[in-house]
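Novice: Going line by line, the protein sequences match chains A and B.
Just remember that my numbering sits 4 ahead of the position in the first sequence, which is counted from 1.
Just remember that my numbering sits 4 ahead of the position in the second sequence, which is counted from 1.
Just to be clear, a hint being listed does not mean it is correct.
The list treats identical chains as one, so a pair stands whether inside a single copy or across any two.
[Stated by the list, open to error] Derived EDC-like pairs: lysine to aspartate or glutamate, alpha-carbon spacing no greater than 16 Å straight-line:
id, residue 1, residue 2
1, Lys63, Glu21
2, Lys127, Asp146
3, Lys28, Glu121
4, Lys107, Glu121
5, Lys392, Asp340
6, Lys276, Asp91
7, Lys289, Asp52
8, Lys213, Asp180
9, Lys63, Asp91
10, Lys107, Asp320
11, Lys127, Asp186
12, Lys127, Glu148
13, Lys255, Asp145
14, Lys394, Asp336
15, Lys114, Asp35
16, Lys326, Glu130
17, Lys114, Glu148
18, Lys394, Glu130
19, Lys213, Glu121
20, Lys289, Asp264
21, Lys326, Glu221
22, Lys255, Glu95
23, Lys342, Asp145
These are calculated hints, taken from the structure and not from any lab test.
2 protein chains.
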Amino acid sequence: MALIVQKYGGTSVASAERVKAVAKRVARLHDAGDQVVVVVSAMGDTTDELIALAGQITKQPPPREMDVLLSTGELVTSALLAMALKDAGYEAISLSGAQAGIKTDATFRKARISAVETRRIQKELESGCIVIVAGFQGITDDNEVTTLGRGGSDTSAVALAAALGAKVCERLTDTDGIYSADPRVVPDAKRLKEIGYDEMLELATYGNKVMQPRAIELAELYNIPIRVASSFNDNPGTLIHGGVSMEVRNKVRSVAYDLDVAKITVVGVPDKPGIAAAIFVPLAKAGISVDTIVQNASVNKVTDLTFTVTRDQMQDALKVIKPVAKQIHARDIASDSKLGKVSIVGTGMQNSPGFAARMFATLSENGINIELITTSEIRITCIMDEAKVKEAVRALHKAFEVELG
Amino acid sequence: MALIVQKYGGTSVASAERVKAVAKRVARLHDAGDQVVVVVSAMGDTTDELIALAGQITKQPPPREMDVLLSTGELVTSALLAMALKDAGYEAISLSGAQAGIKTDATFRKARISAVETRRIQKELESGCIVIVAGFQGITDDNEVTTLGRGGSDTSAVALAAALGAKVCERLTDTDGIYSADPRVVPDAKRLKEIGYDEMLELATYGNKVMQPRAIELAELYNIPIRVASSFNDNPGTLIHGGVSMEVRNKVRSVAYDLDVAKITVVGVPDKPGIAAAIFVPLAKAGISVDTIVQNASVNKVTDLTFTVTRDQMQDALKVIKPVAKQIHARDIASDSKLGKVSIVGTGMQNSPGFAARMFATLSENGINIELITTSEIRITCIMDEAKVKEAVRALHKAFEVELG
């Protein structure tokens with residue numbers, strides 16, 4: 005008998021009918037002899053509706069009260085799913101984040117899990133119950149309700165799987181796996197049978213929206229395999245885990261893209277120690293998250309310093325940077341908010357310069373100009389005009405076809 | 005500085021706009037220098053919508069899960085009202101039933117409050133906060149969420165007022181007070197300035213739907229005055245309290261009616277000891293709540309035994325009674341589900357037989373036949389054809405006009 009944690013996303017529980025369908029899936033797993041803990045999201049657009057409701061009250065909802073408000077969405081789903089299971093003749097119980105022992109710090113809206121006290125869940129599992137946990141929420145030591153921020157229910161599920169020693173954490177939504185590229189852009193993209201944590205983390209960070217990096221990091225830390233599959237069919241989906249076979253590791257796995265890129269260049273900066281700090285310390289203090297940073301080689305002791313931010317932060321970043329540029333005697337500031345980035349990811353490219361060369365050649369053959377390049381050990385990213393991004397994804401998917409998947 | 009508990013009903017908080025209007029009312033009270041604890045209901049029809057949602061999942065929702073589901077409605081309102089107050093520059097905090105220390109037994113769907121642990125509320129009040137408590141809900145010693153059943157938020161408010169030693173519990177809804185009769189039936193019915201607990205309890209039990217008897221009993225027990233007023237205007241409403249003046253006590257206060265009456269008569273029962281028990285013990289075991297019981301004087305050692313139940317319980321009651329009637333050799337069973345009851349209530353009628361005579365005469369003059377009569381020290385109730393009920397209310401209101409109000 006194994007313990008399995010399943011997490012169902014908002015579209016999978018968007019109506020009473022769908023909740024009943026989920027109950028059938030969960031029941032099947034229980035019938036097979038496994039212990040089951042289910043983590044649920046809020047139904048459909050509930051969270052957005054609650055945010056809109058708060059928006060009708062105040063422009064700046066206090067985070068503590070937002071968490072009280074938002075946490076109700078998952079409570080509703082948890083109770084309904086427990087009802088559906090009991091109606092089908094199964095023992096089931098819903099638990100709030102607090103009852104499930106999900107302890108967090110007090111950073112409302114984006115709390116981090118500090119511990120999972122599994123006593124109550126263990127007790128219910130031992131009595132033969134299917135346990136339904138409201139995702140996305142936790143409780144502080146002071147008994148305050150918190151929510152975990154974007155992708156929070158995934159994080160709840162992985163944390164529970166880790167604390168309970170689950171065999172696998174199954175993440176069931178309307179997305180049926182991880183693909184070699186976004187199927188909306190590349191129609192013949194293939195679903196991957198498996199992918200390593202580190203590859204998935206790069207993909208998630210560089211534009212694949214299926215999972216937030218946070219839950220993947222947590223899964224890697226505790227070595228919990230995550231199966232990403234659809235709740236609407238029985239396809240096996242994609243297994244994210246640490247034990248990906250040698251053969252698979254020798255490939256490019258997927259092409260990711262992200263259209264939310266803005267670039268700021270501080271032009272003609274006197275190249276002396278402390279310049280980078282002078283620019284990036286004030287940005288950090290202003291809460292602006294800088295992504296890629298590139299500093300060109302210095303010519304005549306003068307250099308250009310380029311960095312990227314998300315588009316919605318570009319104006320704020322420029323406000324911070326303008327006085328700094330003056331102070332450090334930079335010649336000018338340039339910015340461009342209409343950029344995108346395309347990345348190829350795969351552990352196969354470690355120590356293999358051939359991949360980079362082929363990527364650049366492919367883009368060049370397609371007349372796509374590269375604005376910036378950044379790399380990690382298992383990823384190569386090119387930043388380009390946003391209008392060229394989808395074309396680049398298709399060209400690269402084709403060029404690396406043999407390796408992909 | 006006094007402490008005031010205010011409770012706002014569902015229609016008073018049915019939209020973001022109304023929540024903001026409530027925030028203004030609460031702020032005004034706080035500005036006047038009082039400490040304020042606000043108890044809120046779920047917005048508008050939220051509770052009914054949640055019940056309907058559960059109904060789409062299962063015909064018999066398990067009570068524990070229903071309570072998880074239903075408790076979310078009041079949490080939403082509490083968070084929104086706290087947001088609205090903070091937006092207006094006031095310190096405010098929402099508390100769930102659990103956080104507010106409302107401890108209950110584990111009778112889901114109709115839990116009873118066992119204690120109110122006021123530590124958290126006291127702390128927040130001392131720090132200058134306006135405290136918003138989600139009504140209708142509590143928590144068991146095992147950390148299970150419960151709801152308090154019909155009129156639950158009123159009960160929450162009175163219990164908090166009692167535990168905190170509040171000066172008054174203000175109950176604000178779309179109803180602006182207690183009237184000498186239902187104004188929809190008697191257009192010139194007058195709003196009462198004040199009414200005694202015992203009178204209000206009789207009215208509530210005999211058809212006045214403004215408040216559930218439960219909250220009134222609790223208020224009487226702890227001597228907490230309740231002001232019933234509208235949240236949509238500044239009329240003083242009606243004060244329910246124990247110190248009603250001598251003069252007012254010498255009157256009929258209000259005419260109440262209830263259309264939910266069904267009558268069952270066990271005809272021709274041999275009149276010997278144990279007959280009443282033989283009938284009413286099985287009914288009690290079947291969970292059927294019997295209201296009025298009348299046993300006619302025995303003629304030739306044979307009697308008729310009549311009792312009333314709510315209409316939705318009549319069929320169940322008949323099922324229980326049929327075998328019993330056979331067993332005790334009753335001649336027949338008769339039933340009628342189309343009845344109503346009309347009551348006049350007032351402490352003034354204690355030891356005054358004149359009121360009963362006038363009531364019967366008035367009904368007779370209007371050609372209304374009385375099926376059953378029951379009385380308490382401060383109430384006289386006549387059960388009649390449902391079609392005659394409203395006419396009876398109007399006739400009695402007119403007949404007792406001098407005393408009313």
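Novice: Does each hint fit the structure? Answer for all of them.
Specialist: How the hints compare with the structure:
no. : hint            : verdict
1   : Lys63 x Glu21   : between (35 Å within a copy, 14 Å between copies)
2   : Lys127 x Asp146 : between (24 Å within a copy, 13 Å between copies)
3   : Lys28 x Glu121  : neither (28 Å within a copy, 42 Å between copies)
4   : Lys107 x Glu121 : within (7 Å within a copy, 23 Å between copies)
5   : Lys392 x Asp340 : within (15 Å within a copy, 80 Å between copies)
6   : Lys276 x Asp91  : neither (71 Å within a copy, 47 Å between copies)
7   : Lys289 x Asp52  : neither (29 Å within a copy, 48 Å between copies)
8   : Lys213 x Asp180 : within (13 Å within a copy, 53 Å between copies)
9   : Lys63 x Asp91   : between (42 Å within a copy, 8 Å between copies)
10  : Lys107 x Asp320 : neither (34 Å within a copy, 48 Å between copies)
11  : Lys127 x Asp186 : neither (42 Å within a copy, 53 Å between copies)
12  : Lys127 x Glu148 : between (24 Å within a copy, 15 Å between copies)
13  : Lys255 x Asp145 : neither (46 Å within a copy, 57 Å between copies)
14  : Lys394 x Asp336 : neither (31 Å within a copy, 85 Å between copies)
15  : Lys114 x Asp35  : neither (36 Å within a copy, 34 Å between copies)
16  : Lys326 x Glu130 : neither (62 Å within a copy, 46 Å between copies)
17  : Lys114 x Glu148 : within (13 Å within a copy, 26 Å between copies)
18  : Lys394 x Glu130 : neither (51 Å within a copy, 59 Å between copies)
19  : Lys213 x Glu121 : neither (30 Å within a copy, 46 Å between copies)
20  : Lys289 x Asp264 : neither (22 Å within a copy, 67 Å between copies)
21  : Lys326 x Glu221 : neither (36 Å within a copy, 68 Å between copies)
22  : Lys255 x Glu95  : neither (46 Å within a copy, 58 Å between copies)
23  : Lys342 x Asp145 : neither (44 Å within a copy, 57 Å between copies)
Taken one by one, the earlier hints fail for this structure at numbers 3, 6, 7, 10, 11, 13, 14, 15, 16, 18, 19, 20, 21, 22, 23, listed in ascending order.
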